[in-house]
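So the protein sequences, as listed, match chains A and B. Residue 1 is where the first sequence starts when you use this note's numbering, and the numbers rise one by one after that. Residue 1 is where the second sequence starts when you use this note's numbering, and the numbers rise one by one after that.
Keep in mind that a hint or two might mislead.
Because identical chains share one entry, a pair is satisfied inside a single copy or across any pair of copies.
The calculated lysine to any residue pairs, modelled on SDA-like cross-linking and capped at a C-alpha distance of 25 Å, are [stated by the list, open to error]:
{"no.": "1", "residue 1": "K55", "residue 2": "D144"}
{"no.": "2", "residue 1": "K258", "residue 2": "H291"}
{"no.": "3", "residue 1": "K258", "residue 2": "L281"}
{"no.": "4", "residue 1": "K283", "residue 2": "D229"}
{"no.": "5", "residue 1": "K258", "residue 2": "E279"}
{"no.": "6", "residue 1": "K137", "residue 2": "Q64"}
{"no.": "7", "residue 1": "K283", "residue 2": "G177"}
{"no.": "8", "residue 1": "K137", "residue 2": "F292"}
{"no.": "9", "residue 1": "K283", "residue 2": "R228"}
{"no.": "10", "residue 1": "K258", "residue 2": "G273"}
{"no.": "11", "residue 1": "K25", "residue 2": "D57"}
None of these hints come from the bench; they were simulated from the model. Since this is a predicted model, take the numbers as computed values, not measurements.
Number of protein chains: 2
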Amino acid sequence: MKSRLQKVSIIGLGLIGASIAAGLKQRGLAERIIAYDTNAESLETGISQAFIDEKADSVAACVQGSSLVVLAVPVLSIRDSLSQLKDVLLEKNRSGQAPVVTDVGSVKSTILKAANEIFGEHPANLVPGHPVAGSEKHGVEAADPDLFEKHKVILTPTAATDKDALALVEEMWQGLGARVMQMTAEHHDRVFAQTSHLPHLLAYALVDTLSVQGDSLEIFEYAAGGFRDFSRIAASDPVMWRDVFDANGEEVLNILDKYVDELSGIRSMIAEGRMDELEALFKRAKIARDHFSLIRENKGKRK
Amino acid sequence: MKSRLQKVSIIGLGLIGASIAAGLKQRGLAERIIAYDTNAESLETGISQAFIDEKADSVAACVQGSSLVVLAVPVLSIRDSLSQLKDVLLEKNRSGQAPVVTDVGSVKSTILKAANEIFGEHPANLVPGHPVAGSEKHGVEAADPDLFEKHKVILTPTAATDKDALALVEEMWQGLGARVMQMTAEHHDRVFAQTSHLPHLLAYALVDTLSVQGDSLEIFEYAAGGFRDFSRIAASDPVMWRDVFDANGEEVLNILDKYVDELSGIRSMIAEGRMDELEALFKRAKIARDHFSLIRENKGKRK
Chain A
1 MKSRLQKVSI IGLGLIGASI AAGLKQRGLA ERIIAYDTNA ESLETGISQA
51 FIDEKADSVA ACVQGSSLVV LAVPVLSIRD SLSQLKDVLL EKNRSGQAPV
101 VTDVGSVKST ILKAANEIFG EHPANLVPGH PVAGSEKHGV EAADPDLFEK
151 HKVILTPTAA TDKDALALVE EMWQGLGARV MQMTAEHHDR VFAQTSHLPH
201 LLAYALVDTL SVQGDSLEIF EYAAGGFRDF SRIAASDPVM WRDVFDANGE
251 EVLNILDKYV DELSGIRSMI AEGRMDELEA LFKRAKIARD HFSLIRENKG
301 KRK
Chain B
1 MKSRLQKVSI IGLGLIGASI AAGLKQRGLA ERIIAYDTNA ESLETGISQA
51 FIDEKADSVA ACVQGSSLVV LAVPVLSIRD SLSQLKDVLL EKNRSGQAPV
101 VTDVGSVKST ILKAANEIFG EHPANLVPGH PVAGSEKHGV EAADPDLFEK
151 HKVILTPTAA TDKDALALVE EMWQGLGARV MQMTAEHHDR VFAQTSHLPH
201 LLAYALVDTL SVQGDSLEIF EYAAGGFRDF SRIAASDPVM WRDVFDANGE
251 EVLNILDKYV DELSGIRSMI AEGRMDELEA LFKRAKIARD HFSLIRENKG
301 KRK
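Take these sequences, add in the hints, and give me the full structure.
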């Protein structure tokens with residue numbers, strides 16, 4: 001793999017971008033890493049911590065001569081980044097030396113849509129990706145070379161995606177210790193609306209609802225286990241999450257409506273004293289949860 | 001304190017009852033501990049593990065000659081237990097040797113209501129209590145003598161509660177390492193509807209909603225951090241939680257309605273693209289969460 005990754009360009013040196021850089025460095029998987037970020041301090045930190053070899057003044061300068069470009073910017077900045085890459089990519093395409101481009105956004109239809117609008121098609125060397133990793137921490141200071149170790153990375157290639165480009169991105173993630181999977185962008189966005197975006201929305205809504213109830217200090221004071229788990233995820237980055245809901249609004253609203261229907265059914269059970277039905281629902285949920293936890297654990301053991 | 005707790009009776013030898021017994025034993029805080037449970041195996045385990053000295057065949061037999069009776073049964077069984085205690089308590093009241101009675105239910109208006117109906121008033125020697133501790137584990141096998149260490153215990157005495165009875169229950173919990181607080185039953189039930197009961201309801205509802213979506217195995221497979229936290233609390237005991245919602249339905253519906261209103265507002269923001277408002281809401285929630293987490297941490301450090 002080393003021979004193929006002569007030069008890696010990282011656009012956006014936040015938690016994910018910096019962790020990729022640090023991981024590649026630590027494992028000796030890239031000959032040279034150059035980064036661009038709108039925040040000059042982040043780039044300085046990257047150099048002083050030796051995650052990156054070089055900093056660039058612009059996106060265009062950053063990707064010159066690269067074999068792989070990683071767009072590690074927030075979901076809604078991907079369009080801008082692609083626009084800025086346009087000339088370089090087209091020129092390189094003509095000379096047959098286009099770098100492979102991938103991203104790390106948690107909504108995948110966005111990048112396909114942006115690419116189609118900017119390039120008029122899905123470029124063969126664009127491989128959309130989503131590392132299912134992260135934490136409440138953010139920024140270059142939180143960089144962790146092992147962040148992706150044993151985590152899933154989902155790639156969403158299209159029929160137009162070049163096989164070699166796909167293989168290169170796959171190799172990069174496997175080199176960082178991740179388990180790489182593939183699905184369509186549409187399917188990805190539906191599954192993550194359900195398993196990640198909706199839970200975050202519910203957590204933000206709960207903390208916001210409770211923080212205006214009477215003596216909210218007291219409410220947080222007595223917060224038992226249940227609430228603590230919820231409120232932890234409400235500490236996530238508000239801007240990043242706003243972008244996710246902007247980009248994946250349709251799928252989120254679809255599952256949110258089903259969830260509100262379920263709450264409405266539960267409300268009736270409690271109001272009408274149909275407690276046997278409520279118990280049956282709780283049991284069904286517990287069985288589903290225990291069943292899938294067991295499968296997860298067994299899978300974990302096999303590896 | 002030792003001199004006051006000659007004989008402690010535990011009605012219900014589940015996780016909480018057995019942990020109280022084990023904690024009192026380990027610290028030498030009770031001369032003799034006798035327990036009653038409908039499950040004979042639980043009593044055998046209690047004796048073989050030496051949490052208890054003796055088992056009883058009935059509630060009435062269990063409380064004979066006790067200085068303190070702990071009702072550690074599910075919320076909706078408290079009424080039954082009180083009924084079975086009635087004759088003994090009245091007889092003892094006449095002879096001036098009534099034991100102090102406390103409970104561990106997570107809804108506090110229930111026991112007051114039951115007592116008023118059974119005794120025609122709130123008995124002076126009845127001290128309702130709620131240890132804010134527990135885990136997904138349950139049963140005597142999960143007994144932990146340190147379960148209450150540094151945890152809150154909330155007592156909800158009324159104007160009729162005897163001061164000495166209150167002091168005795170307070171001493172027992174302090175002896176087990178808990179921090180004892182007081183509030184009214186109404187206030188307790190409102191605060192816990194918000195911080196504990198609603199989050200559990202939302203978690204059960206989420207797991208149930210997702211488990212019927214398309215390929216639910218895949219949904220649990222890709223479950224990211226957010227969902228994992230939710231689903232953990234959906235592993236709690238369905239019967240115990242059904243009872244909680246039965247007993248505290250009014251307060252739960254009150255806060256559930258406010259929560260659904262909040263979700264409805266968020267739905268509009270996403271559907272109408274008012275993303276600045278959504279970001280402002282996320283920020284407000286994050287600030288509230290971070291603020292109260294900090295207060296909690298600082299309090300933790302002082303102790």
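Here is how each hint holds up against the structure:
no.	hint	result
1	K55 x D144	within (19 Å within a copy, 56 Å between copies)
2	K258 x H291	within (22 Å within a copy, 32 Å between copies)
3	K258 x L281	both (15 Å within a copy, 22 Å between copies)
4	K283 x D229	both (21 Å within a copy, 18 Å between copies)
5	K258 x E279	both (20 Å within a copy, 23 Å between copies)
6	K137 x Q64	neither (31 Å within a copy, 57 Å between copies)
7	K283 x G177	neither (37 Å within a copy, 34 Å between copies)
8	K137 x F292	between (28 Å within a copy, 18 Å between copies)
9	K283 x R228	both (23 Å within a copy, 18 Å between copies)
10	K258 x G273	both (23 Å within a copy, 20 Å between copies)
11	K25 x D57	within (21 Å within a copy, 70 Å between copies)
Consistency with the previously given hints fails for numbers 6 and 7, ordered from lowest to highest.
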